[in-house]
Amino acid sequence: MPDTLVTIASYILPLFAIIVLIRCTRSMLGNKTQTEIWGYIHKDDGVALINHWENLIGRSKSADICLPYASVSRVHAVLIRSPKGVWRIFDIFSKGGVWVNGEKVQATGTVVRDGDVLNLAGNSVRFRDISEKQRDAIEARRTQSWKRVHPAVTLFFLTIFQAILLLEHLCTAESEYLAGIMLGFVLLVLLEWFCYFAMRSIRRTGFEVETLAFFLSSIGLSVIASSVPDEMFRQMIIVFAGVVAFFVLGWWLRDLDRTKTMRLPLAILSVLILGAVLVVGREQYGAKNWIFIGSMSIQPSEFVKVAFIYVGAATLDRLFSTKNLILFIVFSALCVICLAFSSDFGTALIFFVTFLVISFMRSGSIATVALAITGAGMAGFLMLKMKDHVARRFATWGHIWDAENIWDGGYQQTHALSAGASGGLFGKGAGNGWLKNTFAGNTDTVFGVMCEELGLIIAICAVLAILALAFFAVRNSGHGRSAYYSIAACATASMFMVQVALNVFGSVDILPFTGVTFPFVSRGGTSVLACWMLLAFIKAGDTRKGASFVVRPPEAKTKKQRESAEEREETA
Amino acid sequence: MKKVSLRAFSAILMAFLIIIGLGVYVGRYIKDGEMWALYFDQSTSGSEYTLTDRNGTLLAKMGGGEKSYAENANTRIACYHVTGDYTGNVGTGALSSFKSKLSGFSLITGIEEQDDVNLQLTIDADLNLKAYEALNGRKGAVMVYNYKTGEVLCMVSSPSIDPLNPPETLPDGAYINRCLSASFTPGSIFKLVTLNAALENIDDIYHRTFNCAGSVDVKGVQINCTGVHGQQTIEQALSNSCNCAFAEISLELGPDIIAEYAEKLGITTSLKLDSISTQAGNYDKDGSMSASMAWSGIGQYNDLVCPYAMMRLAGAYANGGTVVEPSLLGQSSKTTQLVSADTAQKIASMMNYNVVYHYGQDRFPGLNISAKTGTAEVGDGKAAHGWFVGFLNDEEHPYAFVCLVENGGSGLGAAGSVINTVLQAAVAK
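Residue numbers (this note's numbering), protein chains in the order written: chain A, 97 to 668; chain B, 229 to 657.
Here chain A stands alone, though its shape is the one from the complex (with noise of 0.2 Å):
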């Protein structure tokens, strides 16, 4: 009777994983975005539109505002409204200089106001912010119509997905196991639950980012109940950690001049941490990348993860900066040396894939050719480094099958392509597995033992929620507040899917072995904390109205603030 309902809720359990997946893609890719506008720039021949918060001015086509007039450098300053409605004007290294009502202006930016005559190397334009009316008419505006997808529908979908898979699991599960394992997804789904209500509580209705989230949590906890069911409740701690670490980043990133002041601070930090596991640090799986605190083992550099992408994004006027750069790349050779010299070549090469990722995303002119040199650089180390242990994947990479390598150089691989494949399409039912008994199998192969307790299906969605993530994060990336957010959650997305690639691909030979986890999914306390709090960067860039708590609603005016303001605007 058993194995019965497990067959019956196999079949029926990727129907409402796939009803999950499409609900939040349509909920964050379905509608079309509006061009915002937030002020304008009165040119001798026309209106330029000013789109965004942060807006380059040059020669440039790529510029936001374009002036193509010869005396104009390519990009020539940097127009920034503050989250207080304040314009600043910032020069970034300019040949012919700025000036704003004939002063001229300093590396600090000065302060634009309506009306304003702006000169760049002697072209005068004139700034005129939008009118409070008009600001009002953008607000509304925004009011859209993606809240057809209705959030709680998709989260009482995926409570049945998780209902159904506890289900399985007390079929399969051992008795002693039971309570614990209930008592686990009892939990996540009363920790959604009430994410979703404490964001509803604060007028805050994008929630598909966590969805996705719980969705793969889910599939991890499964993992957990079906290889070290004692770990159970441990697990959810992790999780639960995780969630308030999401809420904690978002709410400090939501002030942009905070976040800027804890850059260098955290850079430094996170070198220090990383040299220190170079020398106290204990060595597991070949890779020194462990420090044990007590019984508690931690991964310190999937902490560093999220610091390199909070210290790697920077806002536009800073993306010019000569000191923000070598900020960044002296940070990230620093981070990677040290990956490379505590062996954890899996991470390192995140980390490079995500430096690239972000160099391309913000390097103007000067930038891309240190980026260029800082990037071969790297690979140049890493290869020179990890020469041996990269001959020795590379040598069984697409021969995991050959005799001598089967048991030995391709074990893992090879066990988890027998296992996936031995699941079908629906899989053996969660907990029926044998791939999660061997090495790393709830780590390095759990795309394996996902095909093979839940099918490939499943294994399949796993792998679209987070490319529905990425997509996310470059839809939004051009209507970010800020140049900081974009980059951060796009980095974020890459630096998911780097992961993703190399975890899937390398347990099924693809690409050669590499034992990374997959985000949220892998057993794994530091990195389940760290795939939530990175997912802070993504849900930073969500500024749809009203969707992402990291974002400030516009300040509430009174009635009396916005009559005096439209009379103001009369007189005038």
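Don't read these hints as lab results, they were simulated from the structure. Heads up, a few of these hints could be off.
Claimed, not checked - Think about it this way: if two alpha-carbon atoms lie no more than 25 Å apart in a straight line, the pair counts; the simulated DMTMM-like pairs of lysine to aspartate or glutamate are:
no., chain 1, residue 1, chain 2, residue 2
1, B, Lys295, A, Asp498
2, B, Lys367, B, Glu623
3, B, Lys492, B, Glu396
4, B, Lys367, B, Asp400
5, B, Lys513, B, Glu428
6, B, Lys230, A, Asp353
7, B, Lys376, B, Asp502
8, B, Lys230, A, Asp140
9, A, Lys157, A, Asp141
10, B, Lys329, B, Glu299
11, B, Lys230, A, Asp498
12, B, Lys376, B, Asp608
13, B, Lys259, A, Asp498
14, A, Lys641, A, Asp225
15, B, Lys230, A, Asp351
16, B, Lys513, B, Asp431
17, B, Lys327, A, Asp498
18, B, Lys295, A, Glu500
19, A, Lys200, A, Glu132
20, B, Lys327, B, Asp390
21, B, Lys295, B, Asp431
22, B, Lys562, B, Asp622
23, B, Lys376, B, Glu491
24, B, Lys259, B, Asp354
25, B, Lys230, A, Asp225
26, B, Lys329, A, Asp99
27, B, Lys259, A, Glu500
28, B, Lys295, A, Asp504
29, B, Lys230, A, Asp504
30, B, Lys657, B, Glu299
31, B, Lys376, B, Glu396
32, B, Lys657, B, Glu553
33, B, Lys327, B, Asp354
34, B, Lys492, B, Asp445
35, B, Lys610, B, Glu623
36, B, Lys500, B, Glu553
37, A, Lys180, A, Asp351
38, B, Lys230, A, Glu500
39, B, Lys500, B, Asp313
40, B, Lys289, A, Asp498
Use these hints to put chain B onto chain A, whose structure you have.
Coordinates of chain B only, in the frame set by chain A:
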């Protein structure tokens, strides 16, 4: 911001690479998933998967990480095309075609937990041995099945190899099961199709006489006959396998009707033996009403047939027009009404007439047989293909058969004697 958001598309590129990677994985899963799944499963679960013939003779065994074939080397060779091999060289072999039945694996459900599995085929390995011996190294195909139950008793293709010790140089076409996966020039056995069409389309066919002077001229081209048959009835024309008579009938029917019957009788379509698709034959319509058209009704020109389709047709005539669809897996419940009972009865009795009055009953001692021979000219100065297709009129042994001996010279001499050897053994069982 414009620049930042443009460059953000590098992330999309990464997403597409991942999607492509997933596609590659799914593709490999479809191709190799079975191998992957079974690799460790067999060594860990300890279940045994065996393939046996109808008498329980072992043909192949997997389990405990080991794979083996029949013990006797001659059995391995005679049953090679039935069994196939573990590398999948014979696509129609049971190890390939019934893989999922053997292992319990399918791409949809993966591996399902099960006890030891034995797949028993309807094939009789002893008959296969007899047939392979009778072919005596010549290329060809022999197939016998029970037209009442559908069970395929014998299926042999030559040349064959020993899958356990494959030779260094492979005999030409050793991987092809000639019974199912090849088509050949039929020669006179195709006259059954033409006759079938004639019986249903020429009203006075039984009252006609066909004159044979040893050859006939069609639009200036001479069609030679195997002899000078003089005045014949339709029965005599068939048993003489008279080319003059069938040239006349073919021209009267025309290419459209013959093509229609070739398709209706399963000659030019791909058929199914269980899940195995067979090779379709060929009939090119020649609308010129020339000698080519006449030849196309006599089984020459561009005509091709698959031995399996001919055996199935013989089974239909034997069983009153209804085919019990052949199967390798047991008694078949699937039937197809191929021809009308009336036509089937007429052709069946004419095929019996062939044996009694022409081929000679003494060639088949103790067997009540109905058949048609074929001697297919293949050109290039090579000896003709010999065909023999028919069935036994025996309640206890209702067997339909087909035999092809490539370049065997004559239908009756080459293929007929192979069939006699096999049927004698089958009836003696």
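**OP:** Could you tell me which of the numbered hints above are not met by this structure, giving the numbers in increasing order?
**Re:** 2, 3, 11, 12, 19, 21, 24, 29, 31, 34, 35 and 38
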